[in-house]
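Colleague: Each chain, letter by letter, is given below.
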Amino acid sequence: MAEVADVVLSVQNLVKHYSIKVGAFQSEQLRAVDGVSLAVRRRETLGLVGESGCGKSTLGRLALRLEEPTSGAVHYREVDLTALGGHELRRLRPKLQMVFQDPLGSLNPRMRVWQSVAEPIRLHGLGNGSVRAQVRELFERVGLAEEHLERYPHELSGGQQQRVGIARALAPHPDLVILDEPTSALDVSVQAKLINLLRELRAELALTQVFISHDLSVIGYLSDRVAVMYLGEIVEMGPTAELYARPRHPYTGALVSAVPGDDLLDRRRRMMLPGEVPSPINPPPACRLAPRCPFAMDRCRQEKQQLRAVGPDHLVACWRAAEGEISPEDFERTRVALEA
Amino acid sequence: MTLLDVRDLRTSFFVRSGELRVLDGVTLKIEPGEVLALVGETGSGKSVTAYSIIRLLKPPGRVVSGEVRWDGQDLLPVTEDDMEQQIRGRQIAMIFQNPREALDPLMTVGRQLTQVLEIRQSMGREEARREAVRLLRSVHIADPERRLRSYPHELSGGTAQRVMIALALSCHPRLLIADEPTTGLDVTTQYQIVQLLRELRERTGMAILLITHDLALAAELCDRVAVLYAGRIAEVGSMQNLFRWPRHPYTSALLASRPRLGVTGDIPTIPGNVANLVNPPSGCRFHPRCPNATDICAEQQPALASMPPGQIVACHNPVTLQEGVAVGG
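Chains as they are written, first to last, in the numbering used here: chain A, 1 to 340; chain B, 1 to 329.
Note that these hints are calculated values from the structure, not bench results.
A hint or two may mislead.
Simulated restraints on C-beta separations [as the list claims (entries may be wrong)]: (1) ALA145/A <-> PRO268/B: 14 to 24 Å; (2) VAL15/A <-> GLU80/B: 36 to 46 Å; (3) GLY184/B <-> ALA309/A: 55 to 65 Å; (4) ARG333/A <-> GLU126/B: 43 to 53 Å; (5) ALA305/B <-> ARG93/A: 34 to 44 Å; (6) GLY265/B <-> GLN26/A: 54 to 64 Å.
From chain A, some residues computed to sit far from chain B (all C-beta separations above 12 Å) [what the hints assert, rightly or not]: (7) ASN13; (8) ARG42; (9) LEU92; (10) ARG122; (11) LYS193; (12) ALA206; (13) ARG270; (14) ARG301; (15) GLN302; (16) ASP313; (17) ALA322.
All residues carry an ideal CB built from backbone N, CA and C; glycine is no exception.
Excised from the complex, chain A in its bound form (with noise of 0.2 Å):
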């Protein structure tokens, strides 16, 4: 593991749960987050991977603390965040940026864009020098031009506009980064040359990001770490080459099987899940795909397994496949069965 000073952003056992309303005087735990602890390394990416409900978002916004946690705590590097005061935390929000999926919905629609990215720099005190110089200089390095300053975002493409979410979260000078579905509203052709701007700005400027999305391509392209939620957990985490070449846990096998090789026309077999995704509400008591598990054995539905490591760096919450009883010869087999 890394040394603690390299450590950035850490979860502890975090917790997220929303009452859901069922009666008069009844109501149900939504288990959005439920237990996830993990950390991300300085200048690392951690890809957070899940299917849409999987708690994803929910964790990223909890780790900024845009929402209080039902449990558990959340370290930005030394500090715990759980436990500040409004105005503490104002003060750290500069260090604490996040992308929007809809930059729409994060802009403000009556102030011209170069103000929205004006703002953060002005509201923090962090102006030195121009403003409008600054947002110029941001502008440029997000690939937009000296013409779209003086926009409205509705006078601006979907890649435009999250140019400008790029573009606002950079300005305070952050050290952390979560990027929750920036590229998932786009065309093909304009998620490439958002992704290609998000890898020079990593490169660049050395940032410490989570990129949250349900894309595996976007996630392997942009991730150094990767983590799979399924159900408001984490199953799997491991380094994404190996994650994606190797995956462990049964629910990481299907969603790397369902990712488009690299020739389209090889229809390859996929590893089929039987059933949906089941409600977070009721989830399943041990290992919650269990009940759409190939492989799942008693014990899968009896006792829950925590996060072990398989290898370097390597996690997975799964009782079979840290005990090595599943190859990946076992994944091709199914792949094979369930597709006949």
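Mind docking chain B on chain A? Use the hints.
Modeller: Frame of chain A, contents of chain B only:
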């Protein structure tokens, strides 16, 4: 006979800033039992093509000219009553991206199915109920009797899409138009829907027009692909040919701009932005963004023409076959 034969279809949106020529001469064919993917990015006109075909366009959109031959008969002059009673939802059915929104939120799944069966197939109540159960079973919905009593909001996205497909199948359509049927579904559910569509096509012999921005989805389901750019067909061909040897520079660029695992360095991109439809570029609408463009491309709109290895392409300076191999393989 060709099942659907769309010829030089022109559809415009008449808005304050002028006439948006959203479809500027779309030509395509679907044979019985064939799966054709209509691939394009936002604003390319792929959904407008579908809505023009089944005449569900709402103002300010209007079909300006062209033909939509269904089984030899042009649908454009057909009265709305005949469209409703004979074609739409009967011979041609459609499913959408947001199945839960397409279903009636106030009616149970069972009632929505039986109502359609009673009206369109003149079934009695009990017969319709039995048929509804059979339909739900045919799209692999577990415990269909119980599902009949569910309301749309109680369904997961995948199950709702299955219900939509069951509704579409209720009239034994010869063509199913599927508009981004898996967008918004979970990755693990997407594949189940793709499998279901494949299976139904095998079993019923219906043709499918798949509308999507997702090249990988097209590759999994389709026999042929039509690539749309700014309201015009850029290239049509068998999936094998078109993905292996794209001839139109746009197809080639689109295929290259996918992020791929294990590839480092920049992803190849397409310069510039999608064509503005109020003032579209002259000649070939792709020419300002095209690496192969020459003077003629700005002057003359290229006509669709056959090119080896067998697709139809609208381009003055197509990608050479050698270059195509490098991109596709």
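Colleague: Each of the hints needs a verdict: does it hold here or not?
Modeller: Structure-based check of all given hints:
Distance hint check for ALA145/A and PRO268/B: the Cβ-Cβ separation is about 22 Å, which falls inside the suggested range of 14 to 24 Å. Distance hint for VAL15/A and GLU80/B: a CB-CB separation of about 56 Å, inconsistent with the stated range 36 to 46 Å. Between GLY184/B and ALA309/A the CB atoms are about 36 Å apart, so this pair departs from the stated range of 55 to 65 Å. For ARG333/A paired with GLU126/B, a C-beta distance near 45 Å keeps the hint of 43 to 53 Å intact.
Separated by about 59 Å at the C-beta atoms, ALA305/B and ARG93/A break the suggested range of 34 to 44 Å. GLY265/B and GLN26/A have their C-beta atoms about 56 Å apart, which keeps the hinted 54 to 64 Å range intact. The claim that ASN13/A lies off the interface holds: its Cβ sits roughly 26 Å from the closest Cβ of chain B, which is beyond the 12 Å cut-off. Distance check on ARG42/A: its Cβ is at least 22 Å (rounded) from any Cβ of chain B, clearing the 12 Å threshold; non-interface status holds.
The Cβ of LEU92/A sits about 33 Å from the closest Cβ of chain B, beyond the 12 Å cut-off, so the non-interface label holds. Under the 12 Å C-beta cut-off, the non-interface status given to ARG122/A relative to chain B holds; the minimum distance is some 31 Å. A Cβ of chain B approaches the Cβ of LYS193/A within 12 Å, the least distance being about 5 Å, so the stated non-interface status is violated. The claim that ALA206/A is not at the interface with chain B holds, since no C-beta of that chain comes within 12 Å of its own (minimum 18 Å).
Residue-level check failed: ARG270/A sits 5 Å from the nearest beta carbon of chain B, not beyond 12 Å. With a closest Cβ-Cβ approach of about 19 Å to chain B, ARG301/A is found to remain outside the 12 Å limit, as its non-interface label requires. For GLN302/A, the shortest C-beta to C-beta distance to chain B comes to about 24 Å, beyond the 12 Å cut-off, and the non-interface label holds. Chain B leaves ASP313/A outside its interface by the beta-carbon criterion, the shortest separation being 19 Å against a cut-off of 12 Å.
Chain B leaves ALA322/A outside its interface by the beta-carbon criterion, the shortest separation being 22 Å against a cut-off of 12 Å.
Hint compliance for this structure: hints 2, 3, 5, 11, 13 are not met, and every other hint is.
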